[in-house]
Every structure is written in C-alpha cells, then in structure tokens.
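Novice: So the chains spell out like this:
2 protein chains.
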Amino acid sequence: MSQLRQDPTTREWVIIAPGRAVRPHDPPRVERARLPARDPACPFCPGNEERTPPEIMRVGNGSGWRVRVVPNLFPAVSPDGEPRRAADGVFGRMEGVGAHEVIVESPRHDARIDEMAEDEVEDVLGVWRRRYQALEREPWARSVVLFKNFGATAGTSLVHTHSQVVAIPVHGPEDLRRHSVALRYFDDTGRSVYDDLRDAEVRQGERVVAEVGSMVSFAPFASRAPFETWILPARHRSSFARVDDGELADLARALREVLRALREAAGDPDFNIVVTSGPAADRDQPHFTWHVRVLPRLATAAGFELGSGMSINTVAPEDAAARMRESLDRARTAAR
Amino acid sequence: MSQLRQDPTTREWVIIAPGRAVRPHDPPRVERARLPARDPACPFCPGNEERTPPEIMRVGNGSGWRVRVVPNLFPAVSPDGEPRRAADGVFGRMEGVGAHEVIVESPRHDARIDEMAEDEVEDVLGVWRRRYQALEREPWARSVVLFKNFGATAGTSLVHTHSQVVAIPVHGPEDLRRHSVALRYFDDTGRSVYDDLRDAEVRQGERVVAEVGSMVSFAPFASRAPFETWILPARHRSSFARVDDGELADLARALREVLRALREAAGDPDFNIVVTSGPAADRDQPHFTWHVRVLPRLATAAGFELGSGMSINTVAPEDAAARMRESLDRARTAAR
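For the protein sequence lines, the chains are A and B, in the order given.
For the first sequence, this note's numbering assigns the number 1 to the initial residue and increments by one for each residue that follows.
For the second sequence, this note's numbering assigns the number 337 to the initial residue and increments by one for each residue that follows.
Everything labelled a hint here was simulated from the structure, so no lab data went into it.
The beta-carbon is built from N, C-alpha and C at its ideal position, and this holds for glycine as well.
Where hints are given, some of them may not hold.
Computed footprint of chain A on chain B; a stretch qualifies when at least three of its residues, placed anywhere within it, have a C-beta under 8 Å from a C-beta of chain A [what the hints assert, rightly or not]:
#, region
1, 348-354
2, 474-482
3, 526-538
4, 603-613
5, 642-652
Computed list of chain B residues with no C-beta within reach of chain A, every gap over 12 Å [stated by the list, open to error]:
#, residue
6, Pro364
7, Glu385
8, Ile392
9, Arg394
10, Arg402
11, Ala453
12, Glu456
13, Asp523
14, Ser550
15, Ala570
16, Ala616
17, Asp618
Looking at chain A on its own, in the form it has when it is part of the complex (with noise of 0.2 Å):
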C-alpha cells in the first residue's frame, strides 16, 4: 500500500508508492564519459577565458584561478532594461530585467564537488554566498535563485563544473508558496516550520543522512524525489546571505557528503541542487531558514505530476536514508 504524506513546509502532499518501482532501491548506474583534465573547447577551461562574456569576480590571481563568475553567454534574463509592467487585459508583460550569472567551480574540466578538495567546495560556496548578497541588493530583484545542474537529464549543457544564479524582477511561485506556508506558521506557532521539521527529523532520526558540525542533512519525511536530500543549518538562520564561515565550511563538508552518498547509493545519478533563503531583511527573520536541496533525476515528471502538481516518488526516503547512511559508513571504514 502506499502513503500519502504532506510536506509540512509547502503543505502538498506527496505520494511515497514503493510498489510501483520494480527495482526502486537499486537504480541503474548512470555511466558517465571520462573528462580530460583539460578541455581546449571548453569555454570553461583556463586559456579559453576570452570565450566567455567579462568576468564578474574570479577567487584566486591571474591565469590561477580556483573559480570564476561570468555572465550566461545565453541568458534567459539580462540587465538591461527597466522592470516595468504593461498589461492589455489578461495579458500581462515586462521586460525579462534580471541577472543570470554562471559560477564555474573549478579550473580543472573534470571536476566534480564530490571529488573536490574541502577548501575548494568552500571558495565554491562563498562564491555562492557573494553573489547571493550582491545580486539580493539590485533594487529590481525580487527573488535570486541559486542552483546546480549535474548531468543531461538534470539540464546541464556543459560538462565543466559549474552552478547557476538568476535574479528576478518577480517573486517566484515557489518562493511565494515557501514564504506564504513559513509565515503562516509562524504566526501560528511563533516557530520556523524548517526548524521544526528538522528538530522532528532529527529527534526520528531514521531519515537522517549525516549531521556534519553545523549542518544536518536527511532524506525528508515527504520526499517528492527518490534520494531527495536536504541539508539546513542546525541553528536558526534565515538567509544564506547571511551564512557565517564556519557554517560555510560545515556546509561544504555536508554537501560533500551527501554527494558522496548519492553517488554510491543511488549509482550516480544526475541531480539538482537548489539553495532556499529567507528575505533580505536587516535582521535575522524567525519564520523562515535558508537550505540547500539536492534533488536526484531518477524520475520523470510525466502527466500524473504536471496535471496535479503531486508527486509520486518510488523510494520510502527511509530506505534512501539508510542506503545513503550505509555508503557514508563503508567509506570511512575503508579511509581507515
């Protein structure tokens, strides 16, 4: 029989159906190419930095680089332009002003975070946080959108490395729905419903992936996506843009982790990543908690999903857990 579970932080509910799976707690191994170190076409690659529009801010000097910020050579939002709205009816329109930035990770084409040394997925994050606080502050922007894409089913183009940041001119829906559901229930219960699910999480315990110094990371209870895995900070926070370096290097080793996990657990699949912040705001704000997902590709949206905004995922986030768990025991067992 399957379970219907409600996602206490968007309250939609999602339908956990292991049966419908055949093999649901061993996916197929994704074979991935071998990647040079160097890849002369790669715009991406030191050498090619020309190929790439001017450069925003790189961490390291000259042609040593550890990472660069450039904006998308095919932007899907640009600076250019005034936010302004025009409507003819139910036709409503503005300009796409907004920012849409590239953050490549590495110099190296072969990189992958789970591989990266600790303090390179660190320069990697503070890029993300820099940018998160740059772009927050744009008097037009109303949501910043950070994420990665890993893999051809995930929407990656380029193998080199690299995560995204979009600025809008509107709050997205899921921003709104985040926000709306968060601010409901904290006037409801004068708490972070993000706290409070991570508290119940942890105190279950049985979904939880790692807690690495900071940072806790589990399968959460109403997973829409087999090994989806989420990682908040275990004290209160509520904006990336406001991470302080030691959670910035917890964060790191989590991710790490997690990606590690992933790849052993789940055969390596193709995944998003997708950081959530509060609002910009002077002060820390109580509803609301910043957190990254790592959101596998083992599933295709079909009609069922786009119909119904549902979810039906085939892998109990319990088994996903313990796999994950399993995988981060036999490599330190191994490292000994």
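Given chain A, work out where chain B should sit, using these hints.
Specialist: Chain B alone, transformed into the frame defined by chain A:
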C-alpha cells in the same frame, strides 16, 4: 531581450526567452521505432487481455473491443483502505487510497491519436468522460487527474497507445491553485478567467492554432513550454464530466488537429496531455472552464525551474502557433 509574461489562470510568471536557444523554432525530429500492428509481448494487445488486472469497462464487444479500461498494474494509489489522516507533529500522512486506471485507446499496437479516425478518438474521449464522471462520484475523491504520456521523456514505459486517470483523496496543489485563482477572478469580475483568456486569444488571433466547431485551440500568451497548446470550449462549461456529445466530437477533431500540427511543426516531440475540470457540482459553475492542455517535452526542467517554480520557454507562442497553422494549411492543401 526576453520577456516575462503572467499566466492569468495561475498568476505565475514565465520567461519567454527565444534568444537562449540556437535554433528555437526548429527542434530536431524525434526518431520513433516503427511498431508492428500487434506485439505478442504487449499486455495491451488483443489476445493478452488476461495479462492486465480485471477489466473495468470496454467499448465494443468480445475480442472486437475498441477501448478498454483496466486498473494500473503498478498503481500509485489503490481503492483498498481508508483515507484517514494521521499526524505526528509536522508529519501528516494517510493511506494511499485512490484509483489509478489505464485507458487502452486502441486494439492496434501502432495506433497514435493523430492517425486514428475521428470516431476512434471520439470513443476514447467518451471513455475519458465516463471514467471522469465515475471517479468524481467516489466519496473519498477530491481530485481526478486525467492525462496521457506520449514518449519516454514524457514518462511512458509502454508504447501501446494509452492514457491514465488517477483519483486521489486530496486536492492536488495544481487544482487548489487554479481553482483559487479562478474563484478570486470570478469574485472580481463575474466571469471565468479561462473564458476571458480564450476570448482575448481569439481577438488577438496570432496565437490561435485552430477553431474546430465548438472548440478553440491556441498557444497561450504565457506558455510554459515550447509549442504548449490549450483546447477550450468556445462556450462556457465548467466540468469535463458534463460535456455533451457534440462537444466531444469537436474535441476529438480539435485534439487530432493539434497533435498533427505539433508532429509536423515541432519534430514529432514527446508530450503530455492533461485534462483540467471545474469541480463536481449539480449545476454549472460560472468561475471555471474545463480545458485540455497539450504539453510537449522539448525542454528539460532544471535547477532554475525546480527552485523558482517558473519556466523558461525558448519558443515564443506566437511563433509556435504560426508554425502549427502553417502545417495545418499545408496538410489541407495537400489533401485537396
């Protein structure tokens, strides 16, 4: 420059960004395996009726059936059990009660709706209506999701032409959103937002694909996907359960035309079809209009879409509709 457009039926913004695709208007043609008229290994082919769970209904007699409805062999939800809620702090759940049925649309293994005869498509739509009516009456049913997946990237595992219907004991988030926007619009204006959108599309004309009897098809102003096409009744009617036979015949023709145009103009892409209906009610509800959406799978939802809930569409609906109209004109000229 890209443009942000607001869908009046969801109030969600979409980014229309033709500049992001190198050849946005001319997707590569999907290579499809040539299918035999009958496949002995196919559970949906005549002669293999015992390989499906016990039949729910059929059109036609004996071995000469034309359409068959059977329970899904791997159901996401099932009719046994009670949709009782249980809550443990932030964790809300209930048993996966519901119905999950498969509609085998033709005895022919190689049939496709765009190649079927008009009366064959009418038979299929008549079954959609009957199953919709039946499931909507289940006391536990809150949402009935009627859909079709065509092609692997749209989530099909079996190629024999079929659609599905799922009834669930909660309101899917898409239903909640669409109905709440439609109720608010009605309270503000006294009209259905779908009727107003259809009338505005017909008035502007450039996104209309075809007007077929009592049905209008168009690529909506704020299309989320390249070549997305909606079919609406020309006269208001809230529930798909209440379409009359004349409307059903026109819908069969309209759907066939849209799928033919899509095949020619967009390279025979994979697609989903979703039927969305107003609430079950004794009388027509003025705030909602049933409609059919054809959603081609020409793009991959990536981290931006998952994180923001917004879509980036690289084909302007004006261009998509013009291409689809041209294909239909060419086909009509060739048929003369």
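Novice: Beyond 12 Å from every chain A Cβ: check whether that's true for Ala616 of chain B.
Specialist: With a cut-off of 12 Å, Ala616 of chain B remains clear of chain A, as the shortest Cβ separation is near 16 Å.
Novice: Holds or violated: is the Cβ of Ala453 of chain B farther than 12 Å from all Cβ atoms of chain A?
Specialist: Nearest chain A Cβ is 24 Å from Ala453 of chain B, so the label holds.
Novice: Confirm or reject the statement that Ser550 of chain B sits farther than 12 Å, beta carbon to beta carbon, from all of chain A.
Specialist: Ser550 of chain B clear of chain A: closest Cβ-Cβ about 21 Å, beyond 12 Å.
Novice: Quick check for students: does the CB of Ala570 of chain B sit more than 12 Å from each CB in chain A?
Specialist: At roughly 17 Å from the nearest Cβ of chain A, Ala570 of chain B sits farther out than 12 Å, so the non-interface label holds.
Novice: Are all C-beta atoms of chain A more than 12 Å from that of Arg394 of chain B?
Specialist: holds, 22 Å
Novice: How does the coverage statement for the region 348-354 of chain B fare against chain A, requiring three or more residues with Cβ below 8 Å from a Cβ of that chain?
Specialist: The restraint on the region 348-354 of chain B holds, since 5 of its residues have a Cβ under 8 Å from chain A and three suffice.
Novice: Three residues or more, CB to CB closer than 8 Å: is that satisfied between the region 603-613 of chain B and chain A?
Specialist: Contact hint for the region 603-613 of chain B vs chain A: holds, 5 residues under 8 Å.
Novice: Is the nearest Cβ of chain A still more than 12 Å from the Cβ of Arg402 of chain B?
Specialist: holds, 22 Å
Novice: Are all beta-carbon distances from Asp618 of chain B to chain A longer than 12 Å?
Specialist: Non-interface label stands for Asp618 of chain B: nearest chain A Cβ at 25 Å, farther than 12 Å.
Novice: Confirm or reject the coverage of the region 642-652 of chain B by chain A under the rule of 3 or more residues with a beta carbon closer than 8 Å to the chain's beta carbons.
Specialist: Since 6 is at least three, the answer is holds.
Novice: Should the label of Asp523 of chain B as a non-interface residue stand, given a Cβ cut-off of 12 Å to chain A?
Specialist: Non-interface label on Asp523 of chain B holds, nearest chain A Cβ at 16 Å vs cutoff 12 Å.
Novice: Are three or more residues of the region 526-538 of chain B within 8 Å, CB to CB, of chain A?
Specialist: holds (count 4)
Hint violations for this structure: none, all hints satisfied.
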